[in-house]
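For the sequence shown, our numbering assigns the number 3 to the initial residue and increments by one for each residue that follows.
Just so you know, these hints were derived from the structure itself, not from any lab.
Treat the hints with caution; some may be incorrect.
Said to hold, decoys possible - Heads up, simulated BS3-like pairs for lysine-lysine below, C-alpha to C-alpha not over 25 Å straight-line: (1) K125 <-> K54; (2) K233 <-> K126; (3) K254 <-> K179; (4) K160 <-> K144; (5) K274 <-> K233; (6) K96 <-> K126; (7) K90 <-> K254; (8) K84 <-> K54; (9) K90 <-> K53; (10) K255 <-> K53; (11) K144 <-> K200; (12) K84 <-> K293; (13) K160 <-> K125; (14) K255 <-> K233.
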Amino acid sequence: MKVLKRLRDILLALVVLGIVALGVYFGFNHFYPETVQQKTQQVTKKKQPAKKSQINLVALGDSLTQGVGDQNKAGGYVGMIKHSLVDKDHVQVKTANYGVAGDTSTQIDHRLQSQAAIQTSLKKADVIVMTVGGNDLMGVVKKDMLDTNEKDIQVAQKSYTAHLTTLLGHVRQYNAKAPIFLYSIYNPFYVYFPKMTKMQDAVVSWNTTSQQVLQQSQPSHFVNICNLMSKSSVLTKPSKDSSGGSSSGSDKKNPLISTEDNFHPNVTGYRKMTQKLYTSMQQNQKEWLEK
3 MKVLKRLRDI LLALVVLGIV ALGVYFGFNH FYPETVQQKT QQVTKKKQPA
53 KKSQINLVAL GDSLTQGVGD QNKAGGYVGM IKHSLVDKDH VQVKTANYGV
103 AGDTSTQIDH RLQSQAAIQT SLKKADVIVM TVGGNDLMGV VKKDMLDTNE
153 KDIQVAQKSY TAHLTTLLGH VRQYNAKAPI FLYSIYNPFY VYFPKMTKMQ
203 DAVVSWNTTS QQVLQQSQPS HFVNICNLMS KSSVLTKPSK DSSGGSSSGS
253 DKKNPLISTE DNFHPNVTGY RKMTQKLYTS MQQNQKEWLE K
């Protein structure tokens with residue numbers, strides 16, 4: 003009986019203490035609500051990582067980085083990604099565009115090693131975006147007059163693997179932390195020659211190589227625009243001839259490719275490329291926006 007009585011007293015004491023504690027908490031919260039809210043806000047703030055107010059974005063590459071084909075002459079995806087980040091992420095963005103039309107991987111690397119301005123920009127970069135590989139492949143394609151030779155492609159691809167590895171290695175010498183976003187290449191001839199499967203196979207194989215090499219330079223992300231830019235086609239309406247009838251046949255056109263050269267993106271194409279880049283950057287925001 004004494005044991006039961008002691009247990010009952012202990013339980014009763016615990017209940018009383020619980021009631022008192024709750025009373026103190028709710029009373030304090032009632033009379034000093036601001037203090038409780040401030041502490042809650044302080045805890046919340048600690049959980050949220052600090053973000054940079056300004057970032058440096060460096061773009062290095064070929065004509066796609068230069069912005070060839072952009073009718074607005076606004077720098078293609080480089081100018082567009084800046085506006086997207088400023089408008090949506092409310093961060094100031096300073097860009098440096100080192101894109102040169104016609105450059106191969108070796109030529110881009112040569113500029114990087116010989117130009118102090120590129121080296122200085124890379125050291126300060128929070129984000130690095132690159133386009134490379136298209137001109138390396140086109141050198142083989144033009145040589146074979148679009149009738150791609152598998153042996154030539156394999157030899158060129160092996161050389162490209164070595165050149166891209168060297169290029170990315172030199173980029174990392176100047177900046178080991180900033181994430182690299184590397185665009186894939188695409189097949190601008192797909193819409194016009196859809197049965198030329200060797201060309202499409204070569205582009206896909208080239209992209210696989212780029213992605214594999216890129217994985218050795220973390221943090222890095224492959225922005226695949228191959229299908230987007232190669233196959234975004236529409237069937238235009240038949241045009242009427244002078245007699246009022248329809249002209250024979252219809253032409254397939256890629257609405258994302260410039261009609262001036264049927265090769266580079268137009269302003270719509272660059273917008274699509276920018277959307278892909280922005281999505282990838284948002285998915286990996288902590289690598290470039292957090293302090």
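Margin query: Of the numbered hints stated earlier in the document, which are not met by this structure?
Written below: Of the numbered hints given earlier, those the structure breaks are 2, 3, 7, 10, 13, listed in rising order.
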